[in-house]
Amino acid sequence: MAEDDTSSPVLELPKDPSTWEALTSHLQTLVDGIRFASTWHTLFMVLLSCLATLLCTKSMLDFSFDTSMSIVAVGTIFPLVFSVQASFQRRERALASLASLKGAIFAVYLMFRTWEKEGTGKWAAEADQIFHKLLDDIEYYLRHPNRSEECGNVIYDGFATLARKMNDFGPAAGFTKGGEAGMGRLAAYLQEIMRAFEGVRAIRDTETPVGLRLFCFALIHVAPILLAPYWVHFCAKQHHSEIPPQYGCEACYFVAVTFVLIVMTLHRVQVELEDPFDGDGDDDIKWEVWRGPPGPPGG
1 MAEDDTSSPV
11 LELPKDPSTW
21 EALTSHLQTL
31 VDGIRFASTW
41 HTLFMVLLSC
51 LATLLCTKSM
61 LDFSFDTSMS
71 IVAVGTIFPL
81 VFSVQASFQR
91 RERALASLAS
101 LKGAIFAVYL
111 MFRTWEKEGT
121 GKWAAEADQI
131 FHKLLDDIEY
141 YLRHPNRSEE
151 CGNVIYDGFA
161 TLARKMNDFG
171 PAAGFTKGGE
181 AGMGRLAAYL
191 QEIMRAFEGV
201 RAIRDTETPV
211 GLRLFCFALI
221 HVAPILLAPY
231 WVHFCAKQHH
241 SEIPPQYGCE
251 ACYFVAVTFV
261 LIVMTLHRVQ
271 VELEDPFDGD
281 GDDDIKWEVW
291 RGPPGPPGG
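In the UniProt record's numbering, the protein residues as written are 1 to 299.
No lab work stands behind these hints: they were computed from the structure.
Careful, some of the hints might be misleading.
DSS-like mimics (lysine-lysine), calculated; alpha carbons at most 30 Å apart, straight line [what the hints assert, rightly or not]:
hint: 1; residue 1: K102; residue 2: K133
hint: 2; residue 1: K102; residue 2: K58
hint: 3; residue 1: K58; residue 2: K117
hint: 4; residue 1: K117; residue 2: K102
Pair ranges (Cβ atoms, derived) [as the list claims (entries may be wrong)]:
hint: 5; residue 1: A187; residue 2: H26; range: 45 to 55 Å
hint: 6; residue 1: K58; residue 2: D278; range: 30 to 40 Å
hint: 7; residue 1: Q28; residue 2: N153; range: 15 to 25 Å
hint: 8; residue 1: K117; residue 2: A188; range: 31 to 41 Å
hint: 9; residue 1: P145; residue 2: D32; range: 45 to 55 Å
hint: 10; residue 1: D16; residue 2: F217; range: 17 to 27 Å
hint: 11; residue 1: D32; residue 2: G184; range: 12 to 22 Å
hint: 12; residue 1: G182; residue 2: A202; range: 52 to 62 Å
Because the structure is a prediction, the values reported are computed rather than measured.
For glycine and all other residues, C-beta sits at the position ideal for the given N, C-alpha and C.
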């Protein structure tokens with residue numbers, strides 16, 4: 001007896017990359033990191049910080065002071081890190097809400113597809129059209145830069161259409177009463193869909209604390225200049241003398257540039273994470289992945 005060739009496909013795991021591929025990947029990551037940090041905004045602040053440091057050297061204003069590095073770190077880096085953490089938590093909550101929304105929609109679609117007694121697929125096709133429009137409206141609402149009450153009303157009209165379709169589907173699935181087990185499960189999934197949308201909507205319509213964002217924005221532009229005398233004092237440590245170089249030393253400019261790169265990069269990370277819905281940043285929600293298989297039928 002011949003073997004059946006229609007066997008189920010076997011999942012094959014990808015092979016480990018070769019040494020050259022791994023090295024190339026690491027180098028590409030390094031290049032991407034440098035490109036991410038090297039913006040015109042960052043370069044401008046680097047030049048401004050170096051200029052302020054030059055003005056504080058012995059040949060110019062001859063002004064320097066020493067302070068605790070922990071004060072500099074806590075007073076400047078900590079607020080930025082806290083702001084980044086707040087934005088990251090917003091993104092994670094948005095992803096969790098969208099995942100719940102997608103899972104609930106797909107579960108309802110499977111009910112329309114498998115519970116129909118006649119097996120024509122008509123109800124599943126009609127539900128697919130409703131889901132398709134609903135997801136389009138949700139994506140448009142979340143990605144639109146301006147808040148629009150009209151867009152929100154359109155989404156709730158879609159929820160109402162879905163609720164009516166569920167009610168009409170009852171007899172086709174063999175349920176004659178709204179309180180029967182199957183209809184109750186459909187209603188529960190509709191509630192989960194709406195709850196997940198409200199969760200992601202709350203994230204979309206609110207922002208991280210305004211005061212914290214304003215403070216961090218002022219901090220990254222003022223601190224590199226105000227700390228210029230502090231950078232200059234590193235020259236005395238480098239040369240072990242009371243007479244520092246006329247125009248500064250390598251240490252003061254190195255510390256100034258490093259500080260600017262750190263605070264500006266953290267600020268850009270916070271800005272990229274602030275709005276995870278627009279799809280412009282590398283860390284934003286990938287809408288083509290969220291709408292793609294094996295997700296909701298509307299993708």
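Status of each hint after checking the structure:
1. K102 - K133: 14 Å, holds
2. K102 - K58: Distance ~64 Å between K102 and K58 Cα, so the pair is violated.
3. K58 - K117: 89 Å, violated
4. K117 - K102: 26 Å, holds
5. A187 - H26: 45 to 55 Å: The hinted range 45 to 55 Å holds for A187 and H26, with Cβ atoms some 52 Å apart.
6. K58 - D278: 30 to 40 Å: With a Cβ separation near 49 Å, K58 and D278 fall outside 30 to 40 Å, so the hint is violated.
7. Q28 - N153: 15 to 25 Å: 45 Å, violated
8. K117 - A188: 31 to 41 Å: Since K117 and A188 have Cβ atoms about 22 Å apart, the given range 31 to 41 Å is violated.
9. P145 - D32: 45 to 55 Å: Violated, at about 26 Å.
10. D16 - F217: 17 to 27 Å: For D16 and F217 the Cβ distance comes to about 44 Å; the hint is violated.
11. D32 - G184: 12 to 22 Å: This hint is violated: roughly 50 Å between Cβ atoms.
12. G182 - A202: 52 to 62 Å: Taking Cβ atoms as reference, G182 and A202 lie about 31 Å apart, which means the hint is violated.
Of the numbered hints listed earlier, those contradicted by the structure are 2, 3, 6, 7, 8, 9, 10, 11, 12.
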